[in-house]
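Q: Add chain B to chain A, keeping to what the hints say.
What follows is each chain in one-letter form.
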Amino acid sequence: MGIGLPRRYLFLGFAVIALLFFFPYYAGDFRMNQLGLFLCFVMFALSLDLIWGFTGILSLGNAVYFGGGAYFIAMSLKLKYAATNPARYGSGIPDFMEWNGLTEVPVWMRPLENIWFAAPAGVLAMGLLAFVFGFITFKRHIYGVYCAVITLAESLIFEELIIEKQAYTGGFNGITDYGSYSSNITFYWIILAVTVFFFWFARRLTTSHFGMILQSIRENELRSEFFGFEVANYKIFVFTVAAMMSAIAGGLYAALNGIVSHQEIGPLLSIEGVIWVAVGGRGTLIGAFVGPILIKGAESLLSEQFAWLWGLLVGLLFILVIVLMPDGIVGTLIRRARRKRALAAGRQPAYEPTAVGVEETPTV
Amino acid sequence: MTANILEIHGLVSVVSRHPIINELDFAIEEGELRVLVGPNGAGKTTLIDLITGRHRPTAGQILFKGQRIDGRARHEIYRLGISRKFQVPTVYDNLTVFENMSIGLRGHRSVFSSLGYRMTPAAVEQIERILAQIKLLERAREEAFTLSHGEKQWLEIGMVVASDPQLLFLDEPTTGMTREETNATARLIRDIAKTRSVMVVEHDMSFVRQIARTITVLHQGRKLAEGSVREVEDNPKVAEVYLGKVKISAVS
Chain A
1 MGIGLPRRYL FLGFAVIALL FFFPYYAGDF RMNQLGLFLC FVMFALSLDL
51 IWGFTGILSL GNAVYFGGGA YFIAMSLKLK YAATNPARYG SGIPDFMEWN
101 GLTEVPVWMR PLENIWFAAP AGVLAMGLLA FVFGFITFKR HIYGVYCAVI
151 TLAESLIFEE LIIEKQAYTG GFNGITDYGS YSSNITFYWI ILAVTVFFFW
201 FARRLTTSHF GMILQSIREN ELRSEFFGFE VANYKIFVFT VAAMMSAIAG
251 GLYAALNGIV SHQEIGPLLS IEGVIWVAVG GRGTLIGAFV GPILIKGAES
301 LLSEQFAWLW GLLVGLLFIL VIVLMPDGIV GTLIRRARRK RALAAGRQPA
351 YEPTAVGVEE TPTV
Chain B
1 MTANILEIHG LVSVVSRHPI INELDFAIEE GELRVLVGPN GAGKTTLIDL
51 ITGRHRPTAG QILFKGQRID GRARHEIYRL GISRKFQVPT VYDNLTVFEN
101 MSIGLRGHRS VFSSLGYRMT PAAVEQIERI LAQIKLLERA REEAFTLSHG
151 EKQWLEIGMV VASDPQLLFL DEPTTGMTRE ETNATARLIR DIAKTRSVMV
201 VEHDMSFVRQ IARTITVLHQ GRKLAEGSVR EVEDNPKVAE VYLGKVKISA
251 VS
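As given, the protein sequences belong to chains A and B, one line each in that order.
Throughout the first sequence, residue numbering follows our numbering, covering 1 to 364 in sequence.
Throughout the second sequence, residue numbering follows our numbering, covering 1 to 252 in sequence.
Source of the hints: derived by calculation from the structure; they are not laboratory data.
What you are looking at is a predicted structure, and each value in this text was computed from that prediction instead of being measured.
Quick reminder that beta carbons are idealized off the backbone N, C-alpha and C, glycines included.
It is possible that some hints are incorrect.
Going by beta-carbon spacing under 10 angstroms, a handful of chain B positions derived as facing chain A [claimed, not checked]:
{"#": "1", "residue": "E76"}
{"#": "2", "residue": "Y92"}
{"#": "3", "residue": "A225"}
In isolation and in its complexed conformation, chain A is listed as follows (with noise of 0.2 angstroms):
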């Protein structure tokens, strides 16, 4: 497949799909659910660890585009339930709307009823404003902090919109019992296969000569210019396929949950991805899947045991990785496996020249 993964690694990694596909069977429904959204996160902090672990830009507003790509679904899906499950007061349209005195659902809105024309249009929209809001701040050359601030800003922007909205939106309350995917194997075995595709692309993306370019801009990104690289443009490209990925976990997020809400979009979720992809481990992959993995199952383990403590608990866990384990745990593997080869070998083992092929490091 030349994403230049050692046999090992390769192994390792069907063997986790395999456990995963076959996760309901021993599971139950309640935890196939879970374990369904907590892959939704792991889209999520995927496409962050790109724009972030990868090319070096602290995103704090991610969310913006997975909350997005889940209005757009739950908003597809209650359309069309309301039509046919016609609500308290018999009109047909989404009860959020007849609460805020609307009568009819606005003609922008219709052709959305269609999923087939929702879920496409949720992804490009999400891929626009990207675009957009990524040329506004890397033609200008804005980074750093100023990037994590503006884009928070947009988070909050975007949540406030949501709630001020409300006859479009729900409002604080969300858009609810839209009838969900929720307990369905076949959704549940789509929502992985998306996140294994996700996974071969970012990793053929990251080990490509494009992905090289990207470590660089972060590693220096002034360094990258005065190589030639217009630094702006692969920012605003990365930023814009990591939208369209959250869109799309967003998307699955919301059929499965049946329920969304303004928490998706705002601050605390972006907030929330960044933690899970330092707990994993920025830069590397697989960091992507055993952050939210750890932190999310935590979570509800936790909560299930100990029902006032487990915010502290996890907040300790958290404290605990990112103090003990900088680079979160699975970077720091990475480099403790990487010193012992290196003492082994005296040094790393010495490089051959050779013409035909070209080594990749294993970035995992």
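A: Chain B alone, transformed into the frame defined by chain A:
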């Protein structure tokens, strides 16, 4: 008569009302190896910054092969054939030596051309040839942060050579090197300069003597003197500028 690859007319750069470069006229001939010296704050690095597009000049003109380049974007200036090595060795620490070189290699600068790019055997060979030249071939697979200061200097020189510029700026390429490494660097630079124009900023006079044909002395943003090593060393104005710090001919 050879043509000038670079011409600078009346260049001024003012930073918070301080003139860093002051009405400077300057030229480099095609194929020339030029050395730029001057005390701290003379404006040496600023001059490179202005030429390569890091800063915009306040006034004046910069011409590369007869074409105005002042005020143009950094990547555009690079694409015309101008590369630079930074004063502090600037390599990509977490990429391997080989990957660093592949970033430097000329070609495939735009997003879409780099997306589809796969390295050819010829490109690998070229990188290996340069790596052999800078004595880093055996360490090609190691991350750049494992290199010593001097090795990083070499790696960055290797990267800019891989970018195959027509005009190359080397800002203090021997800082942090041992005497032997410095001598090797002098040989390397003479070699590089065979096929392109090079300007080197340097303090180390024994190194300068090894490579220089023409020296330009910069002082307070102006050209103080220009000529052969001997002429510059014997220039009383130059001695005066360096007096109280180090006498120019005494440094070695």
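Q: Compare the structure with each hint and give your call.
A: Verification of the supplied hints:
| no. | hint | result |
| --- | --- | --- |
| 1 | E76 | holds, 8 angstroms |
| 2 | Y92 | holds, 4 angstroms |
| 3 | A225 | violated, 29 angstroms |
Figure legend: structure checked against the earlier numbered hints; the only hint not met is number 3.
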